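Visitor: Letter by letter, the chains look like this.
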Amino acid sequence: MADASIARPAAPARTSDGLGQLLARHGALVGLVLLVLFNLAFTPNFVSWQTLNVNLTQVAAIVIVAVGMTLVIATGGIDLSVGSLMAISGALAPLILLGQILPMPHPLLAVALAFVLPVLVAGAFGWFNGFLITRYRIQPIVATLVLFIAGRGIAQVVTNGNLQVFRNPEFQVIGLGRLFGIPVQVILMLILVAGAAWMLRRTLFGRQILAVGGNEQAARLAGIPVASVKRRVYLISGLCAGLAGLVVIAINSASDANLIGLGMELDAIAAVAVGGTLLAGGRASITGTLLGALIIQLVRYTLLANGVPDSAALVAKAGLIVLAVWLQQGRKST
Amino acid sequence: MTTSLTSRTPLLVLVGRYGVIAALLLLILFGWARYDNFLGSYNILSFLRYTSMFALVALGMAFVIMSGGIDLSVGAVAAMSSVVAALASPYGLIPGLLAGAAAGLVAGILNGILITRLNIVPFIATLATMLAAGGTGLLLAGNQSVSVSYDTAFVELGQGDLLGFPVPAWIAAIAYVLGSIILNLTAFGRSVLAVGGSEDASRMMGLPADRVKFLVYAGSGLLAGLAGVILAAQFGAGQPIEGVGWELFAIAAVVVGGTLLTGGKGSVESTLAGALLLGLIFNILNFENGLGWISLSAYWQSVIRGLFLLLVVILQAKLVGRDATG
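Those protein sequences? They're chains A and B, same order as listed.
The first sequence begins at 0 in numbering that gives the first Met the number 0 and counts up by one.
The second sequence begins at 0 in numbering that gives the first Met the number 0 and counts up by one.
In isolation and in its complexed conformation, chain A is listed as follows (with noise of 0.2 Å):
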């Protein structure tokens, strides 16, 4: 696992392993492995292309977002605005392709534009939430609540509400295509995935935003410019709910901007939770955010295909998420 922590005084000894301990650092490779022998047993067509593409394909989105979330709540943060953040990015790339705020020349260059500038909007956005939080040093939680309220309704405004309905293949690529029989967007989730590891592992940047996260006020007098490590955090975090707004609306050929990204925030951070990722900060673990996106995506599919209403697989959600953070608790009081 690529898990990277800064030594924190509360940090459990290295040697003592017992099986609490265990469950605790490796739990949820445990939880997926143990899924997915469940479903070997017991669900039918479960080995097969197609299981496999259908939960990748589902699952991209949420990975893609909750990167981001990863990296922000390393810093001990919060990012409530994904969702609203997607809306608004899902909302422009349409508006940019059909040409409706400013007339194309050509085709190519629209859909250049339409992968661009609604991340960067997105991004420009994250960015702000930032700036909110270091300059006025308002709570993450509430300041980023201003653009879960303002944010879908912006989105909403744009479009008016309308659904819009699109086609145009070079665009779509990136939520229909396929590269070597993998969908583009597994691809481009494996990409963000092994670069953030890479990044928390072995970049400066990576180290200061678990510094951060461990204790602020060390990191500070240690000379790490706080307040832009955390800026950069929720840039790249909207970067990546702008990036996902555009695959979710790739894959549905249409942009409605009451729906994209809706419950998405609660998504990513329950698969960062599960992930393992300390939630008061200064420990990340993302490929441990990619497995928690997994199981919570698996749990989802293996309930209803073993016939288990929808509903009650949001209940299992529910107990999913208090068993894995009560036992990282457990990991963090021994």
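Just so you know, the hints here were simulated from the structure itself, not pulled from any lab data.
Where hints are given, some of them may not hold.
Claimed, not checked - If you only want the chain B side, here are some residues facing chain A, beta carbon under 10 Å, derived:
{"#": "1", "residue": "Asn118"}
{"#": "2", "residue": "Ala131"}
{"#": "3", "residue": "Gly133"}
{"#": "4", "residue": "Gly244"}
{"#": "5", "residue": "Ala251"}
{"#": "6", "residue": "Ile283"}
{"#": "7", "residue": "Gln300"}
{"#": "8", "residue": "Ser301"}
All values derive from a computational prediction rather than experimental measurement.
No residue lacks a Cβ here, since even glycine has one placed at the ideal position from N, Cα and C.
Position chain B relative to chain A; hints supplied.
Guide: Below, chain B alone, put in the same frame as chain A:
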């Protein structure tokens, strides 16, 4: 803390303490001057009838936030309770009311147990309850809205009037009076603020911090349950998918009301003003569109609410900053 502030910058302090009430009065004045019938009894009564649900949820949230926590489950709990109340409505007014309130209370108790016994942070514990309550509501309702029985008096809880005022407004008013008494005049109220101010310190002083937290979440669940009962009675159906985003509306109302999210400080009256203020923005938008000068879609209300929240939190941050540095 408040006394030291008073001596320094009277204007900012006044804005901080009475800002939301002043803003509410200004908005009412604006509406009265600009629109016909704005202060007509029809508008006032239907406004109160609708906003009462949100006010109830915001009251519970205010206590939770004053104790230093957060409750994300209130929206889903209200939705689930509306389903339970609708299912119980054929047995009469009282059974419907009790069943809905009890459903909310159970969810609140679950939150309390997760937070005080399993030591799970409130954010995650109530997030899990939110999912569980949402799922339970859908299961009970069979994925559709459940119609309320019109054979009994149950719908009076949402649609009826008492002494010329809507029943939901009475319920909310009683809840707020009780809330104000509890916060200002009882030992429990002071304990809530003490726990929110510093949990460690209040533990050392021998306050039963866990019991206080438990009760606060149970109360929030109960109030969300009542809101669900009103929801079902008012719209004639238990609605398992209503309530999405209520929790954030309630948090916004509490924050706009000047309660610090860090806990330890807050006011019941300002929370009511915050909830009314956020509701009034929607009401005014409707009237403005009615004038025909401009046409702002309903979608603008969330943008305006967001901007308003932004304004308030920046103002608050400046006040707190002055307090810390001055």
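Visitor: Confirm or reject each hint.
Guide: Here is what the structure says about each hint:
1. Evaluation of the asparagine 118 of chain B hint against chain A yields a held restraint, the C-beta minimum of about 6 Å falling below 10 Å.
2. Residue-level restraint check for alanine 131 of chain B holds (minimum Cβ-Cβ distance to chain A is 4 Å; threshold 10 Å).
3. A least Cβ separation of about 6 Å between glycine 133 of chain B and chain A falls short of the 10 Å threshold, and the interface hint therefore holds.
4. Satisfaction of the interface hint for glycine 244 of chain B is found here, the shortest Cβ-Cβ separation to chain A being roughly 8 Å, below the 10 Å cut-off.
5. The beta carbon of alanine 251 of chain B comes within 7 Å of a beta carbon in chain A, closer than 10 Å, and the hint placing it at the interface holds.
6. Given hint, isoleucine 283 of chain B at the interface with chain A, is violated; its Cβ is 16 Å from that chain's nearest Cβ, farther than 10 Å.
7. Annotation: interface hint on glutamine 300 of chain B holds; nearest CB of chain A at approximately 7 Å, less than 10 Å.
8. Proximity of serine 301 of chain B to chain A holds as hinted, the smallest CB-CB distance being about 3 Å (cut-off 10 Å).
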